[in-house]
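Each chain, letter by letter, is given below.
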Amino acid sequence: MKIHRFFRISRTIFLLFLAIQMSCPSFAEDPAPIKLYITPNEQFEFAEQLFSKGEFIPATAEYRRFIWFFPDDERVVTARNRMGESYFKAGDFDRAKTVYLETISLYEKDERVTEAFFGLSRCFLMQADVKNALAALNGVMKKSDDPDIIDRAWYEMGWISLESQWQARTPSWQEAADLFNRIRPENKDAYGVDQLLVKLDDTGNISRKSPAMAGFLSILPGGGYLYCNRYRDALMAFLLNGGLILAAVSSFENDNPALGAVIGFVETGFYSGNIYGGISSAHKYNRHQTRRFIDTLRQGTAIGLSGGDGQKQLAVFFHMNF
Amino acid sequence: MKILWPVILSAVTFLFPGAPSAGDPPHAPMTRDVEKDMDKNNPDISLHAVRLYQKYLSPVIGGNCPMYPSCSRYCMDAVNRHGAVMGWIMTCDRLMRCGRDEVKTAPVIWSRDGKRSHDPVSENDFWRK
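Protein chains in written order, with our numbering: chain A, 285 to 606; chain B, 96 to 224.
Don't read these hints as lab results, they were simulated from the structure. Using N, Cα and C, we set each Cβ at its ideal position, and we do this for glycine too. Watch out, some of these pointers could steer you wrong.
[To be verified] Heads up, incomplete: computed chain A residues facing chain B, CB under 8 Å, no partners named:
{"id": "1", "residue": "Tyr515"}
{"id": "2", "residue": "Met520"}
{"id": "3", "residue": "Ser556"}
{"id": "4", "residue": "Gly557"}
{"id": "5", "residue": "Tyr560"}
[To be verified] Keeping only pairs whose Cα atoms sit at most 27 Å apart, straight-line, the calculated DSS-like set for lysine-lysine is:
{"id": "6", "chain 1": "B", "residue 1": "Lys150", "chain 2": "A", "residue 2": "Lys493"}
{"id": "7", "chain 1": "A", "residue 1": "Lys427", "chain 2": "A", "residue 2": "Lys373"}
{"id": "8", "chain 1": "B", "residue 1": "Lys210", "chain 2": "A", "residue 2": "Lys373"}
{"id": "9", "chain 1": "A", "residue 1": "Lys426", "chain 2": "A", "residue 2": "Lys415"}
{"id": "10", "chain 1": "A", "residue 1": "Lys393", "chain 2": "A", "residue 2": "Lys427"}
{"id": "11", "chain 1": "A", "residue 1": "Lys427", "chain 2": "A", "residue 2": "Lys415"}
Looking at chain A on its own, in the form it has when it is part of the complex (with noise of 0.2 Å):
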């Protein structure tokens, strides 16, 4: 009787703490969940502040939130353009260009869509691209009424047109100097134009060598690299082929015209690569002193482009004199 009076007790406390605990809140439901509000300028700073401290990749991902969220805020296409920008500092040019495209088609009558076109030609500029560089340069032209806007677009074309001198066998310097000056006079000291052109009618001064010299020269093994300044390939030049020729005359001479021969095969294509090298040695000098030349023209500039080190590929650099 006893036992069985201690399991009706013990149900009934049971059955009681259960009808506690369920009618307790605290122990029925979760917490209240959090909601989190952002606001567009909270957004809107978030990736500008990731941008400014270099973290391109992740303030694309903060750009774009801001435009999904915030469709409708006047800063989306100042987001847009800021998405290709870090697209294009992180070096992923083409996703940079996807980004640009989007925006100049999505907003084509919003006037900061023009910086959208200066982003593109920066873009297509980096991938060695100048046809469609200078054409997205054109693009801000017809875009934009703004005169300040389109000195901008010549300056850069004028830049564009001067670094891809670089890379060409006769540099013309004219075109460069007709696209600087189609800049109106009132913005001509700003861009520093005067100084640019006194600097491009010294281009005469810049030392070149004759590739045809550099040939003929190259006719002694070691002429032509010695012509421009390599000493010491001239030196390894004219002991290689002076030695290859002495040893296939010397093995005709002794009966050995099997090896004379092998020997005269081998020296053919040194002295061909003698000649050859000659050449490429005076193209090459010709570059790098065109190189040198459109570097120092640049320091001192307000915006420029710059040379990829001897890659196809152009860099663009912003250097603002205080």
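Based on these hints, arrange chain B on the given structure of chain A.
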């Protein structure tokens, strides 16, 4: 005159060790694959000689070409792009320049093997520009 033979042969063998290497700095993966395909598809016998060099000689000699791409790689690129005759001439030119004045003028790049002077075929085929 017979004393010249060892001199000539050592001059030639002196040129080659600095040139090619099995441990070449790698190209970008995609480019490397494309180039390998190009090399395989090119029936030019001169490339077989370079491949043999890369496979058996270079690992013994050690990859110490100061240029990028290495001379053997440059040779294959030149033959693939411009044929056996021009490729051979360009390679001879490269062998004479390797590690000398070109180091002072060519842009420097860093590879897994350290500092190298960047001198690809495209910088030397001036008639194409």
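Right, here's what the structure says about each hint:
1. Tyr515: holds, 7 Å
2. Met520: Met520 of chain A check passes; min Cβ-Cβ to chain B is 5 Å, inside 8 Å.
3. Ser556: holds, 5 Å
4. Gly557: holds, 3 Å
5. Tyr560: holds, 5 Å
6. B:Lys150 with A:Lys493: violated, 40 Å
7. A:Lys427 with A:Lys373: Within the cut-off at roughly 25 Å; holds.
8. B:Lys210 with A:Lys373: holds, 25 Å
9. A:Lys426 with A:Lys415: Cα-Cα ~17 Å, so holds.
10. A:Lys393 with A:Lys427: Answer holds: Lys393 of chain A to Lys427 of chain A is near 8 Å, not above 27 Å.
11. A:Lys427 with A:Lys415: With Cα atoms ~19 Å apart, Lys427 of chain A and Lys415 of chain A stay inside 27 Å; holds.
Checked against the numbered hints given earlier, the structure breaks only hint 6 and satisfies all the rest.
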